[in-house]
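K.L.:
With chain A held as given, fit chain B onto it using these hints.
Each chain, written out:
2 protein chains.
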Amino acid sequence: MLRAFIAYGPDDLAMKLPALSLLALGLLCSAALAQKPAQPLAQKPPAKPARSSAEILAATSAADWRDVDPENLLLMTLPQGQVLIELAPRFAPRHAQNIRALARGGYYDGLAIVRVQDNFVTQWGDPDADTPDKARAFPAGAQARLPAEFSVALKGLPLNALPDVDGWAPRSGHVEGFPVAADPKTGQAWLAHCYGMVGAGRGDAVDSSTGAELYAVIGHAPRGLDLNITVVGRVLRGMEHLAALPRGGQNMGFYDKPEQRLAIRSVQLAATLPAEQRPALQVLRTDGEAWKALLDARRYRGGWFVHSPGHTEICSAPAPVRNKP
Amino acid sequence: MLRAFIAYGPDDLAMKLPALSLLALGLLCSAALAQKPAQPLAQKPPAKPARSSAEILAATSAADWRDVDPENLLLMTLPQGQVLIELAPRFAPRHAQNIRALARGGYYDGLAIVRVQDNFVTQWGDPDADTPDKARAFPAGAQARLPAEFSVALKGLPLNALPDVDGWAPRSGHVEGFPVAADPKTGQAWLAHCYGMVGAGRGDAVDSSTGAELYAVIGHAPRGLDLNITVVGRVLRGMEHLAALPRGGQNMGFYDKPEQRLAIRSVQLAATLPAEQRPALQVLRTDGEAWKALLDARRYRGGWFVHSPGHTEICSAPAPVRNKP
Numbered sequence: 001m002l003r004a005f006i007a008y009g010p011d012d013l014a015m016k017l018p019a020l021s022l023l024a025l026g027l028l029c030s031a032a033l034a035q036k037p038a039q040p041l042a043q044k045p046p047a048k049p050a051r052s053s054a055e056i057l058a059a060t061s062a063a064d065w066r067d068v069d070p071e072n073l074l075l076m077t078l079p080q081g082q083v084l085i086e087l088a089p090r091f092a093p094r095h096a097q098n099i100r101a102l103a104r105g106g107y108y109d110g111l112a113i114v115r116v117q118d119n120f121v122t123q124w125g126d127p128d129a130d131t132p133d134k135a136r137a138f139p140a141g142a143q144a145r146l147p148a149e150f151s152v153a154l155k156g157l158p159l160n161a162l163p164d165v166d167g168w169a170p171r172s173g174h175v176e177g178f179p180v181a182a183d184p185k186t187g188q189a190w191l192a193h194c195y196g197m198v199g200a201g202r203g204d205a206v207d208s209s210t211g212a213e214l215y216a217v218i219g220h221a222p223r224g225l226d227l228n229i230t231v232v233g234r235v236l237r238g239m240e241h242l243a244a245l246p247r248g249g250q251n252m253g254f255y256d257k258p259e260q261r262l263a264i265r266s267v268q269l270a271a272t273l274p275a276e277q278r279p280a281l282q283v284l285r286t287d288g289e290a291w292k293a294l295l296d297a298r299r300y301r302g303g304w305f306v307h308s309p310g311h312t313e314i315c316s317a318p319a320p321v322r323n324k325p
Numbered sequence: 001m002l003r004a005f006i007a008y009g010p011d012d013l014a015m016k017l018p019a020l021s022l023l024a025l026g027l028l029c030s031a032a033l034a035q036k037p038a039q040p041l042a043q044k045p046p047a048k049p050a051r052s053s054a055e056i057l058a059a060t061s062a063a064d065w066r067d068v069d070p071e072n073l074l075l076m077t078l079p080q081g082q083v084l085i086e087l088a089p090r091f092a093p094r095h096a097q098n099i100r101a102l103a104r105g106g107y108y109d110g111l112a113i114v115r116v117q118d119n120f121v122t123q124w125g126d127p128d129a130d131t132p133d134k135a136r137a138f139p140a141g142a143q144a145r146l147p148a149e150f151s152v153a154l155k156g157l158p159l160n161a162l163p164d165v166d167g168w169a170p171r172s173g174h175v176e177g178f179p180v181a182a183d184p185k186t187g188q189a190w191l192a193h194c195y196g197m198v199g200a201g202r203g204d205a206v207d208s209s210t211g212a213e214l215y216a217v218i219g220h221a222p223r224g225l226d227l228n229i230t231v232v233g234r235v236l237r238g239m240e241h242l243a244a245l246p247r248g249g250q251n252m253g254f255y256d257k258p259e260q261r262l263a264i265r266s267v268q269l270a271a272t273l274p275a276e277q278r279p280a281l282q283v284l285r286t287d288g289e290a291w292k293a294l295l296d297a298r299r300y301r302g303g304w305f306v307h308s309p310g311h312t313e314i315c316s317a318p319a320p321v322r323n324k325p
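These protein sequence lines are chains A and B, in that order.
First residue of the first sequence: 1, per my numbering; consecutive thereafter.
First residue of the second sequence: 1, per my numbering; consecutive thereafter.
Be aware that a few hints might be false.
Heads up, simulated DSSO-like pairs for lysine-lysine below, C-alpha to C-alpha not over 30 Å straight-line [what the hints assert, rightly or not]:
hint, chain 1, residue 1, chain 2, residue 2
1, A, K324, A, K292
2, A, K155, A, K185
3, A, K185, A, K292
4, B, K257, B, K134
5, B, K134, A, K292
6, B, K292, A, K185
Beyond 12 Å from chain A on every Cβ pair, some chain B residues (computed) [claimed, not checked]:
hint, residue
7, T77
8, N160
9, A169
10, A271
11, T272
12, A275
13, D287
14, R301
In short, the hints are calculated from the structure, not lab data.
Virtual Cβ for every residue (Gly too), placed ideally from N, Cα, C.
Isolated chain A, as found in the complex (with noise of 0.2 Å):
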């Protein structure tokens, strides 16, 4: 009884895929086909049975996953452990930039978690940047005002875009590993708020955000945000430093007092290392034939499950991050 379910996560076992399945596939198969004609149907249950995840993963080679550049890498040391952040420059070019800047110029450095909200976000920064005179100054190089970054155009975007529906957004898929969202008939593409995302907090200002304050989602991917501010990045280790926070109080989750405030030592970009200090990430390619057999492992479950739902989602299917072997 206590290792219920621990059959569950990446060790499926062999594919079973009861009749029922057949039957929720054919109605997500009309509905995709329904809802986004541009994109292929569900697919068919492999012909033969899936491996599990474990054994897709172990069969990838070296072509299989994506160096995470120096440049895009984050280590915020939190006085209980490192949390590893991947900047998502191809979408949010200028707070990338700017993030950059922060990071190098010791911005970061001896800030907080100011808010934990359950379910929603823990968020960090200057806790006096409301108050001009107590504010951190920004360090050479940093812009005190950038943009909103909400968008991208969808064409001429590399999006693996998944056959599963989307009740947020008529297409959906990945980019490099980041989860997208998007709309043809408006021709934007987005990074979707899904659990692990980090965005740059705003005011009531669409421009107001700089990077110098930064959110992670820590609960359901709120969606509701996309679309309505800068999505930077994604955390790629460490999840667990910044979602086992005591929870804030009844405004919006901040810390009510400053002892409750979690003090960042610092945040670095990976570039500024010595390369032999630098963490050597990867992340599964999501445009390969391995990405694709562990979404369908996620589809047509075996082993412990007895039902398969024939779908997954983007919030549902983060890529896989390794160490470089």
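P.N.:
Below, chain B without anything else, positioned relative to chain A:
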């Protein structure tokens, strides 16, 4: 900057709907029509500016709220606070009955939280459950074997279906405040694995759960578990005490060392307490106008928001809970 997206949450301001949302709404309409012909279309945006969630709740009357039956309310006391769980006997009658018997018999008192897997579940029970000679005996009235209760008949169920597309099931909505998914083709309905939902751990056998070991969802909704395990209820209060716990190790989040486990002081059934000691909780009725207005306040955002999703889903719309006035 520090107050960034403080406007997000239950305190939305006047409704504001940009053209983009009208388009998105149109897409959702056609998708809803195609996917769920038996359901109403996605609602048109309100003719007049929507009230904020806070305003909607403030305007509710006693008739908009349902009392939580003390026979269905569990009080789990942990070192850091109390977790209040409402059982759902309509969906899992045998499990609810067994959990009541276990609580009445003091079975859970002194047991432990044994597993915390980031972005998945917190699980509790008898650490020695798998060791016959050490496993705690069930009290009189508790059954050691129950049928699986993965789904119920959709027919006759008072389901308040959402018009919004749900990729995981052809129909979704709420029943008495619980998130429910359903499939008219199979005639089944089931409790959905949303944040805060509570399920009964099982082994490989579908009928191996008894309610002696329970888990709560602490991350993005793992809807792939739906129809694979018996869901027994929902956490109404105290999720932060389950979600902010230190994560376990590589073995699916199970704590590797006994000293990592968190002792459960007690799990009591409210009905067994003197009337004046029972928490008097109410859940907003999900079959009324106030609930409809709250859902619209999520779909059509105002204030800080510049884009409205024109969409919501069962795991993004938890039914509000309050102390009975």
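K.L.:
For each hint, tell me whether it holds in the structure or not.
P.N.:
Here is how each hint holds up against the structure:
1. A:K324 / A:K292: This hinted pair holds, its Cα atoms lying about 21 Å apart.
2. A:K155 / A:K185: Holds, because 11 Å separates the two Cα atoms, which is no more than 30 Å.
3. A:K185 / A:K292: The hint holds at about 26 Å.
4. B:K257 / B:K134: holds (17 Å)
5. B:K134 / A:K292: Roughly 45 Å separates the two Cα atoms, so the pair is violated.
6. B:K292 / A:K185: Judged against 30 Å, a Cα distance of about 29 Å means the pair holds.
7. T77: Its Cβ never comes within 12 Å of chain A, the nearest being 18 Å, so this holds.
8. N160: Per Cβ check, B:N160 is outside 12 Å of chain A; nearest 17 Å; holds.
9. A169: For B:A169, whose nearest Cβ neighbour in chain A is about 8 Å away, the distance does not exceed 12 Å, so it is violated.
10. A271: Its Cβ never comes within 12 Å of chain A, the nearest being 26 Å, so this holds.
11. T272: holds (24 Å)
12. A275: holds (28 Å)
13. D287: holds (22 Å)
14. R301: Non-interface label on B:R301 violated, nearest chain A Cβ at 7 Å vs cutoff 12 Å.
Checked against the numbered hints given earlier, this structure breaks hints 5, 9 and 14; the rest are met.
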